[in-house]
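Engineer: In order, the protein sequences belong to chains U and R. When we follow my numbering, the leftmost residue of the first sequence carries the number 1, and every step to the right adds one. When we follow my numbering, the leftmost residue of the second sequence carries the number 1, and every step to the right adds one.
Everything labelled a hint here was simulated from the structure, so no lab data went into it. Every residue gets a Cβ at the ideal spot worked out from N, C-alpha and C, and that includes glycine. Hints are supplied without guarantee of correctness; some may be wrong.
Derived list of chain R stretches under chain U, where covered just means 3 residues or more per stretch with a C-beta under 8 Å from a C-beta of chain U [stated by the list, open to error]:
| no. | region |
| --- | --- |
| 1 | 70 to 77 |
| 2 | 139 to 148 |
| 3 | 322 to 335 |
Here is how the chains run, residue by residue.
Number of protein chains: 2
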Amino acid sequence: MTTTALPHSPARTQAPAGFRPSFPLRLDELHGSLSDPVLGSMTLLNEITGRYPDAVSFAAGRPYENFYDPAQLHACLERFTRHLEDELGRTPAQVRTALFQYGHTKGLLTQLLVRNLAVDEGITAEPDSIVVTTGCQEAMILLLRALRTDDRDVILAPAPTYVGFLGAARLMDMPVLPVREGSGGIDVDDLVTQVRGARAAGLRPRACYVVPDFANPSGLSMSLADRERLLEVAAAEDVLLIEDNPYSLFNAGAERLPTLKSLDRRRGVVYVGSFAKTVFPGARVGYVVADQPVAGVTSGDGPLLADQLAKLKSMLTLNTSTISQAVIGGKLLENACSMASATRREAEVYARNLQAVLDGLRRHFPDPAAGVSWNVPGGGMFAVVTLPFETDDAVLEYSAARFGVLWTPMRHFYAGSGGTHQIRLSFSVLTPEQIDLGLGRLAALVRDRTAR
Amino acid sequence: MTTTALPHSPARTQAPAGFRPSFPLRLDELHGSLSDPVLGSMTLLNEITGRYPDAVSFAAGRPYENFYDPAQLHACLERFTRHLEDELGRTPAQVRTALFQYGHTKGLLTQLLVRNLAVDEGITAEPDSIVVTTGCQEAMILLLRALRTDDRDVILAPAPTYVGFLGAARLMDMPVLPVREGSGGIDVDDLVTQVRGARAAGLRPRACYVVPDFANPSGLSMSLADRERLLEVAAAEDVLLIEDNPYSLFNAGAERLPTLKSLDRRRGVVYVGSFAKTVFPGARVGYVVADQPVAGVTSGDGPLLADQLAKLKSMLTLNTSTISQAVIGGKLLENACSMASATRREAEVYARNLQAVLDGLRRHFPDPAAGVSWNVPGGGMFAVVTLPFETDDAVLEYSAARFGVLWTPMRHFYAGSGGTHQIRLSFSVLTPEQIDLGLGRLAALVRDRTAR
Chain U
1 MTTTALPHSP ARTQAPAGFR PSFPLRLDEL HGSLSDPVLG SMTLLNEITG RYPDAVSFAA
61 GRPYENFYDP AQLHACLERF TRHLEDELGR TPAQVRTALF QYGHTKGLLT QLLVRNLAVD
121 EGITAEPDSI VVTTGCQEAM ILLLRALRTD DRDVILAPAP TYVGFLGAAR LMDMPVLPVR
181 EGSGGIDVDD LVTQVRGARA AGLRPRACYV VPDFANPSGL SMSLADRERL LEVAAAEDVL
241 LIEDNPYSLF NAGAERLPTL KSLDRRRGVV YVGSFAKTVF PGARVGYVVA DQPVAGVTSG
301 DGPLLADQLA KLKSMLTLNT STISQAVIGG KLLENACSMA SATRREAEVY ARNLQAVLDG
361 LRRHFPDPAA GVSWNVPGGG MFAVVTLPFE TDDAVLEYSA ARFGVLWTPM RHFYAGSGGT
421 HQIRLSFSVL TPEQIDLGLG RLAALVRDRT AR
Chain R
1 MTTTALPHSP ARTQAPAGFR PSFPLRLDEL HGSLSDPVLG SMTLLNEITG RYPDAVSFAA
61 GRPYENFYDP AQLHACLERF TRHLEDELGR TPAQVRTALF QYGHTKGLLT QLLVRNLAVD
121 EGITAEPDSI VVTTGCQEAM ILLLRALRTD DRDVILAPAP TYVGFLGAAR LMDMPVLPVR
181 EGSGGIDVDD LVTQVRGARA AGLRPRACYV VPDFANPSGL SMSLADRERL LEVAAAEDVL
241 LIEDNPYSLF NAGAERLPTL KSLDRRRGVV YVGSFAKTVF PGARVGYVVA DQPVAGVTSG
301 DGPLLADQLA KLKSMLTLNT STISQAVIGG KLLENACSMA SATRREAEVY ARNLQAVLDG
361 LRRHFPDPAA GVSWNVPGGG MFAVVTLPFE TDDAVLEYSA ARFGVLWTPM RHFYAGSGGT
421 HQIRLSFSVL TPEQIDLGLG RLAALVRDRT AR
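Could you put the whole structure together from the sequences, leaning on the hints where they help?
Structural biologist: Have a look at this one:
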């Protein structure tokens with residue numbers, strides 16, 4: 001580097017070849033993710049939704065909010081404070097430190113999460129293998145950051161997949177290889193094909209992301225046999241699995257199937273959980289169970305992948321909001337650490353609404369020859385409808401403006417590679433009456449588009 | 001890619017050349033930041049500190065905590081809820097949505113921050129130019145991610161610099177070019193040298209990070225003339241400035257100098273703020289003011305850098321904890337949006353402790369020939385002492401074990417390139433008695449090491 005003296009009156013020197021001034025900033029000189037449709041899609045959909053406040057919206061993937069009560073925040077906060085004082089024997093000064101200071105990177109809730117995972121999911125976890133995160137979104141970011149070393153690294157995920165995962169991968173410069181999805185969730189045969197193909201092409205498949213229960217956006221779930229086969233195949237093909245489980249408690253009364261993590265006997269599954277749907281999203285509390293040993297760690301670090309994720313977190317958010325953790329902790333304590341028990345009322349709402357959607361679809365689209373079909377999820381918050389025309393953002397806009405009904409084009413969950421004639425119906429925040437009204441409007445849209 | 005059929009009994013196929021199995025995970029196959037001393041240094045220092053709970057610790061960069069009171073959390077939460085209801089006229093359902101649901105990515109506090117910035121810093125900001133972040137750490141991550149497009153991008157920062165900035169840059173794969181620091185903060189001449197040298201080498205200096213007031217770790221502040229010159233030079237050399245301001249309110253009674261952002265007339269400064277030191281760190285609430293226009297944005301996006309940062313945030317943490325924001329919002333409202341007014345008691349503690357450190361150093365190291373010197377910060381939480389021997393982690397361990405005093409080796413803030421004989425003294429959580437005791441122990445260490 002040269003050591004040019006500063007001129008007394010600053011003036012730009014002869015610019016090197018290829019120099020472009022920084023001002024104004026230009027989008028094409030910011031990180032590539034910012035020009036990627038994946039990051040733009042949520043903004044765009046929110047923007048369209050925002051312009052039609054009176055439309056029936058099957059677009060919002062938000063939890064039901066009518067049971068929320070601000071008084072609950074105070075009650076939960078107090079419950080957790082009492083827990084620190086009475087059950088853990090902390091002094092007032094220690095309670096103050098826990099609630100107000102920089103906290104342990106892994107979080108205040110790891111012990112309560114061990115109990116929660118045992119009670120609700122049959123998962124045996126050690127506190128040290130858990131990192132509490134700023135929503136499950138941060139957990140995905142941490143995993144993607146940890147697993148990417150260079151341009152050869154890739155991650156696998158079913159297509160369609162949760163747009164938040166695609167966006168997180170884009171932020172971390174990690175390409176996502178799509179795996180086919182069948183009617184029972186991820187196509188395990190295609191996973192093998194993709195993994196082997198990627199390795200043959202010199203790539204390193206670092207993990208496969210999967211939502212075995214009521215996936216967003218497809219609503220699909222894996223059978224027990226498929227779960228067992230996926231674990232076998234992942235072991236044989238040497239692929240780490242990342243299991244994301246935001247919806248399994250909303251099973252519409254059906255039998256709940258075991259999570260991959262509870263079936264895992266070789267620490268081949270990283271488990272990501274969230275309180276966004278079970279307590280409330282604004283708290284931004286999620287967590288990751290990463291009990292995989294990491295070879296070659298230096299002294300001072302713990303031996304698990306969770307310890308490496310905590311190191312990354314210490315430079316990303318330092319710790320998860322202590323206040324949010326205290327509120328979620330209070331909710332766990334109020335419910336003997338069972339979110340299944342805490343969310344009974346919400347689960348009933350979602351089950352009722354799922355039934356209303358499936359009944360309504362049958363009623364409003366009685367003719368199988370009309371080219372409208374849909375899947376039949378066993379729970380969750382989402383169903384997918386296939387329509388006899390392309391369902392892009394322009395059609396969504398038309399649907400909102402002319403017929404007063406909003407939905408999500410499935411193509412947004414394929415990163416542009418599929419779902420061209422499909423839409424996602426999210427039914428978590430609606431009443432059965434609104435669902436019926438909205439499906440009637442959807443039927444009117446279909447009549448309009450197919451009459452052309 | 002090949003499309004190999006799945007064998008009925010899964011078994012690993014012939015591995016391609018260079019294939020290494022994923023299990024167990026290995027540190028050298030995780031992201032490079034995890035093997036970087038920058039990320040390890042905090043763990044290491046915390047680990048040493050943890051083993052000597054009875055030592056006097058000048059190591060912790062934490063705010064004073066004796067004024068914290070759990071009842072305040074409830075009061076602030078209620079104050080913010082009343083604000084939403086009474087002052088903003090929100091309905092109970094809207095209040096519930098604001099507190100519990102996924103929130104606006106830019107946050108609930110942008111209007112209150114506009115008032116806070118005007119009252120405390122003389123900064124004129126528009127709400128749209130602000131993004132509330134999960135601590136200022138997330139703000140730095142967002143900026144670093146936005147500004148990195150490829151391997152040619154670099155960022156400048158004074159050496160020594162805040163380890164959280166170095167770590168954030170490492171996480172985002174952004175190299176940090178060190179700029180010399182003089183007794184008045186960043187050396188503006190050297191900044192010019194580094195920028196021109198980098199450009200001549202084919203690199204793109206995207207911004208320069210600077211803490212003009214009571215920097216961590218050096219405790220140094222820039223004069224008004226240097227601030228004005230830095231702005232001039234940054235304009236002439238076409239370098240964006242990132243101003244981080246966690247400490248300016250702790251000015252030990254001296255006149256406060258204007259922030260770079262308040263002097264900035266060309267939107268050449270991105271301003272990063274934090275409530276970690278003014279309210280409490282556990283909340284993880286910070287923010288960024290990024291009013292720079294971005295050319296080439298597509299429809300739907302806003303026109304400012306803040307809008308691009310919000311897009312990144314929507315895939316990183318979605319929104320900052322609504323509960324944390326409500327508590328910080330309540331604190332702002334309780335204090336007519338002045339943190340200077342809210343932190344008077346803390347500011348007195350830090351001023352008293354700074355005086356105790358400077359008095360104590362003079363008392364315990366009276367002989368100028370002994371090779372012990374220190375800087376004289378005008379405020380903040382940190383001072384730097386130069387010792388007549390190397391101050392590495394082994395000496396820290398020895399200091400803790402033999403003399404019961406902890407401090408931070410300055411080399412950790414240089415990413416290995418300096419500070420070999422310096423230590424940082426952090427005095428924010430101590431009493432004057434502890435400071436005197438600790439400095440006495442430090443003097444004993446110096447006698448021990450120099451007698452060899």
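Engineer: Enumerate the violated hints, using their earlier numbering and listing them in ascending order.
Structural biologist: none
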